[in-house]
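Asker: Put chains B, C and D on the given structure of chain A with help from the hints.
Here is what each chain is made of, one letter per residue.
Number of protein chains: 4
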Amino acid sequence: MKNTFGTSVSVTLFGESHGAMIGAVIDGMAPGIPVDVEYIKSRLALRRPAGRMSTARVEADEFSIVSGVFGGYTTGTPICILIPNTNTKSADYDATKRLARPSHADYTAYMKYHGFEDYRGGGHFSGRLTAPIVAAGAIAISALKGKGIYVGTHIKRLAGINDRDFDDIREDVSELEDMTFGVLDGDAAKKMQSAILSAAEEGDSVGGVLETAVIGMPAGVGEPWFDSLESLISHALFSIPAVKGVEFGRGFAIADDKGSTANDPLRMEGGRVVTATNNNGGINGGISNGMPIIVRSAIKPTPSIYKSQSTVDFKGGSEETLVINGRHDPAIVHRARVVADAAVALTLCDALSMRYGTDWLRGDNL
Amino acid sequence: MKNTFGTSVSVTLFGESHGAMIGAVIDGMAPGIPVDVEYIKSRLALRRPAGRMSTARVEADEFSIVSGVFGGYTTGTPICILIPNTNTKSADYDATKRLARPSHADYTAYMKYHGFEDYRGGGHFSGRLTAPIVAAGAIAISALKGKGIYVGTHIKRLAGINDRDFDDIREDVSELEDMTFGVLDGDAAKKMQSAILSAAEEGDSVGGVLETAVIGMPAGVGEPWFDSLESLISHALFSIPAVKGVEFGRGFAIADDKGSTANDPLRMEGGRVVTATNNNGGINGGISNGMPIIVRSAIKPTPSIYKSQSTVDFKGGSEETLVINGRHDPAIVHRARVVADAAVALTLCDALSMRYGTDWLRGDNL
Amino acid sequence: MKNTFGTSVSVTLFGESHGAMIGAVIDGMAPGIPVDVEYIKSRLALRRPAGRMSTARVEADEFSIVSGVFGGYTTGTPICILIPNTNTKSADYDATKRLARPSHADYTAYMKYHGFEDYRGGGHFSGRLTAPIVAAGAIAISALKGKGIYVGTHIKRLAGINDRDFDDIREDVSELEDMTFGVLDGDAAKKMQSAILSAAEEGDSVGGVLETAVIGMPAGVGEPWFDSLESLISHALFSIPAVKGVEFGRGFAIADDKGSTANDPLRMEGGRVVTATNNNGGINGGISNGMPIIVRSAIKPTPSIYKSQSTVDFKGGSEETLVINGRHDPAIVHRARVVADAAVALTLCDALSMRYGTDWLRGDNL
Amino acid sequence: MKNTFGTSVSVTLFGESHGAMIGAVIDGMAPGIPVDVEYIKSRLALRRPAGRMSTARVEADEFSIVSGVFGGYTTGTPICILIPNTNTKSADYDATKRLARPSHADYTAYMKYHGFEDYRGGGHFSGRLTAPIVAAGAIAISALKGKGIYVGTHIKRLAGINDRDFDDIREDVSELEDMTFGVLDGDAAKKMQSAILSAAEEGDSVGGVLETAVIGMPAGVGEPWFDSLESLISHALFSIPAVKGVEFGRGFAIADDKGSTANDPLRMEGGRVVTATNNNGGINGGISNGMPIIVRSAIKPTPSIYKSQSTVDFKGGSEETLVINGRHDPAIVHRARVVADAAVALTLCDALSMRYGTDWLRGDNL
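Chains as they are written, first to last, in the numbering used here: chain A, 42 to 407; chain B, 42 to 407; chain C, 42 to 407; chain D, 42 to 407.
The shape of chain A in the complex, shown without the other chains (with noise of 0.2 angstroms):
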């Protein structure tokens, strides 16, 4: 399945930037799941683009649940969220529905799509389409909260600014989850959005690396092979359109430590099993060990400049100069934030239904 994601828990993608409605389908969750449409709302609004720092193409993000709520419940069945698009101006991209924007997937979109893909917006590969998956996604987090696991995310780099490391996990996941741009430190969050303002004054655009951390998790969770946990997880989050890496616990850094500092020796604390440090990132052998799971994603800059580009019209062949008008982000780094905390929740919603059963994530109140 193309666009599904998910076991026991699954959540499936529709719609295209400038068509009628966007959505998703999350099947699998668990009845008796309390559905806030505040919180969802919520969730929506740090995704949606405010002010200088975004694109001006701003949707009201009106959506609405059609199916598998009931009486403010999850049912257990499938639940269909849908968003309508409001906001388009299908004629910003006429002119070059021919000609390759550098670093999206027209040309790739074509070569698959052979030119049936509605090019509109970036159609189906929109980063729009990220709307229905922060929504599903504020279903995961109010599961996993009922569980007492906690997800959130920073933006621990942007622009070669860098955010302060994860201190107290719990109390900064906590701080996270309703900060409209989420820098822990405030002094690197102004620098932040000096950057990307500069950015787009020069017409031009910014990347960074999310750091996502998830307690609470219960140890033994995952596969050794294929199905780790990094596997899942990797899986989503290589998904969220300019992701272009992703990395645990130390990530690439440990392949310059050695064994005897790399390894987290491992202790008690009151009566678990801890290590005293997290290099692994929560997960050993491809399952979850108890410890906090972390995980960083590199955000590449929005491939949507104003600057003249070089490019190719991939229909007729020849070598073209591209000037991409229409409406863009400097950055999405800081819009794309909450929907990794989504794709790391809706993963995680599976693994633990795999591993416990469908009744679990409400479990207790059954």
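Keep in mind the hints are simulated off the structure, nothing from the lab.
Any given hint might turn out to be false.
Chain copies aren't distinguished; within one or between two, either way the pair holds.
[What the hints assert, rightly or not] Here are the computed lysine to aspartate or glutamate pairs in the EDC-like style, where the Cα-Cα straight-line distance is at most 16 angstroms:
#1 LYS348 <-> GLU361
#2 LYS186 <-> ASP405
#3 LYS82 <-> GLU360
#4 LYS82 <-> ASP135
#5 LYS356 <-> GLU310
#6 LYS82 <-> GLU100
#7 LYS299 <-> ASP206
#8 LYS188 <-> ASP213
Answerer: Relative to chain A, chains B, C and D alone:
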């Protein structure tokens, strides 16, 4: 499915380090692919430990193919490859079976399998299970070669020492095919080998970064969401033990770029659409663009070291000091190189068969 | 995945009988398939209740396709079809929501969803959800027609009355396409309609057998084990509510044959390999042999009847007498006919796309 | 995936009739299930041909379990079972390898595998591959027994002779466990055996109907759409060679009933909800209702007969007369009985593990 990966072409893995046999079943491979036993042996030889840079446990890796190959060609039905375990010293592990080796899967296996797991030598989690992946991958690599698609991996970095970048990728990939220590720059190779031997003398271990290139991949393969080519490849790579990061093209470095430098301009070359740079590693919007696929995997230092480490008795709940005996690798990066090749090749066989059908890999000669 | 079926071409179903909307997402359909809204309407009309032979709840089934179709053709990305519920009388169900309607899913839904299920009108279990399957199936049928593959279903038997056997299958399938009551023999049709009306007058219901034929199927599609074409088709058919049996070719009758009469002798016909008889229903060893695929589905009498029935209050644990109010069908066999077509067509689109690749259904014109 | 079935608990099948080995990999079975080698042997013995009622090719079916079992218990990791082929007479098949044996898979295999298939003795399509299914099923049956769930199959009908109906199903299932010829009524058994022997003397073959019962199944397992318990079980059963029909409860006979007689009234029995009749075969809306699951499979007469048959040379395109030599079964119904048990048991282990988690099958004793 857990120890199975892939949809149209799949691989199922089984076995434990000290059990009777390990092996793999490859299903869905096109009929008519020549199966060259010598080539499989040569790939296994590249994975096999050798000399002081590796564990003293050397297995002959005498394999047999018991199904799915007839008259020297794949039949199209499941191919079962068996590799007996012969050189096992299970007694090495008895003393420490309740003690979690740091950064190994002992504790997580216990939390998942409740003590029923085969703990000897890492059991099902052992790196030894990469041998059948390599054997299966050898058949996948042969199939891809028949379509002009070539896969090769070098050690990009080990113990802080860098190999040179890919230059003429086609030539580099060809050269890597037979190298016993897969480093393109001879001086770097010597330094890396010294670093491994030094670590071995210290009873320690080192890690590194593998870089895999694929050339000849047709444009238009992969899916926009969830089954992006990056999602599929990272899913496979993250199930290799010790991989803690995966990145494509410029990877994490792209996070510090601006759009104007990160974007890959397009141009025509011999009637084909190409990109002037390849910062996206051959994939846009989850779909191959015809440029080389470039993916790097961060490999952590082997967690088995001879130094004394702090750990716990996970059954008894006491804190303990552990000295690991047994036979271990001071580095696995050089051995993991062909495992990365195999994981990528199997993933591409699957994606190509999904895209073009189950005969495509043999195609013209059926 | 639960409410999703298929691998290369898949369909995901959502909605409840008395919720806001029901619908389906079809993913993986080849790009470039013409989408004929009038044809979809005509298929929905054949499923829709009409006259005294059906429930008094008549829905307009005004559907909208909100994604995956652009300029009248499939794009290759997920197609979401929405059908609003309008004519709902939920109050009908309040009185009986703790009483299990015999042979309905009320009690099993409660055991699975713990009371969080939407109980109104059968909720997610309602036969109403076959409407989006029919709409999705209409697109699949169009795709198959483009490749010369035709699907048609007649009522082989209803209330003990038999239709004639298929004769010239190509002609019969063509004729069935537009029949409002899908019976080939006019006299049998009249008798069946009388039987339905009699049952309605008695407050009772009748069942029957549907027989589906597929012509033009290429030989060589399907898998020997587990994904045999029979396995895939029966998997789809058994998810249609009320189906309690599925058989291919001579089906259960073949159990009484001898090998010498059951075997289908082969011969040449116009340069093609054909069989003289078709007792195997077009499938040998799980793989299509190029002969018509013949499959029959047993449909139980509608469980909603007006007669008083013995049941239990599954929350309270008391035995009760139930009289079902609401609006019900004295038979669904005639309405289910196009659902069987849809289930078979979607399954074949999947199997063909797995076999020949994702472009094959459109193929020549891409 | 093709030769793999199941999601949480899966089985992967490999091998050819005249290759080195056949086998299966069972993945996802809970850890801690006792593996009784003698029990597996006894199940294989029930499948093995014996005496004049079966083929003269008798294999010892000496199997070995090379992974996934440690200290007599399942580890939770993949279990690989190997069965060598020893008694092969491949020369029997050389003369006829271009001639399609009627109602066998020779021609369809050729259309799928283009002549690369191992044609000897039916190759991968051979009924011999049911041996590893039976061995895998024996472990599944043991797991189910540990939870009070029992599976048993009798020959309901053979060559037109009926066995008696299930009476006290628990007792009947228990009795069937060790019967070498699984017929409950001794007189019917004798008549059936005579019919098989008569067919053998005529060089012909007979078919029949298997009826499988499951008792102790908890209510609430299965899915409303697409993964209905009927869909899953029929998917598994239809991959057994020679199965041409599957029906649940009253099956095809229900098509002639009225709702008022077909419906299963509910009542309380010892505090449990039960149904007075079981026309739905233990499944409503795709979900188990706690009553015995009853499923019947139609088995066609063995297509290998000694009589002369009309066929074609599928490579050369000529019409030919075929006399099959080799060693064949005049009936496989009695041998297929334990295959049906295995297919149903594996499916239920999967559905139960999806529903209640991967530890449930061992559950209380972990």
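Asker: Which of the listed hints are not met by the structure?
Answerer: Hints 3, 4, 7 and 8 are the ones this structure does not satisfy, whereas the remaining hints hold.
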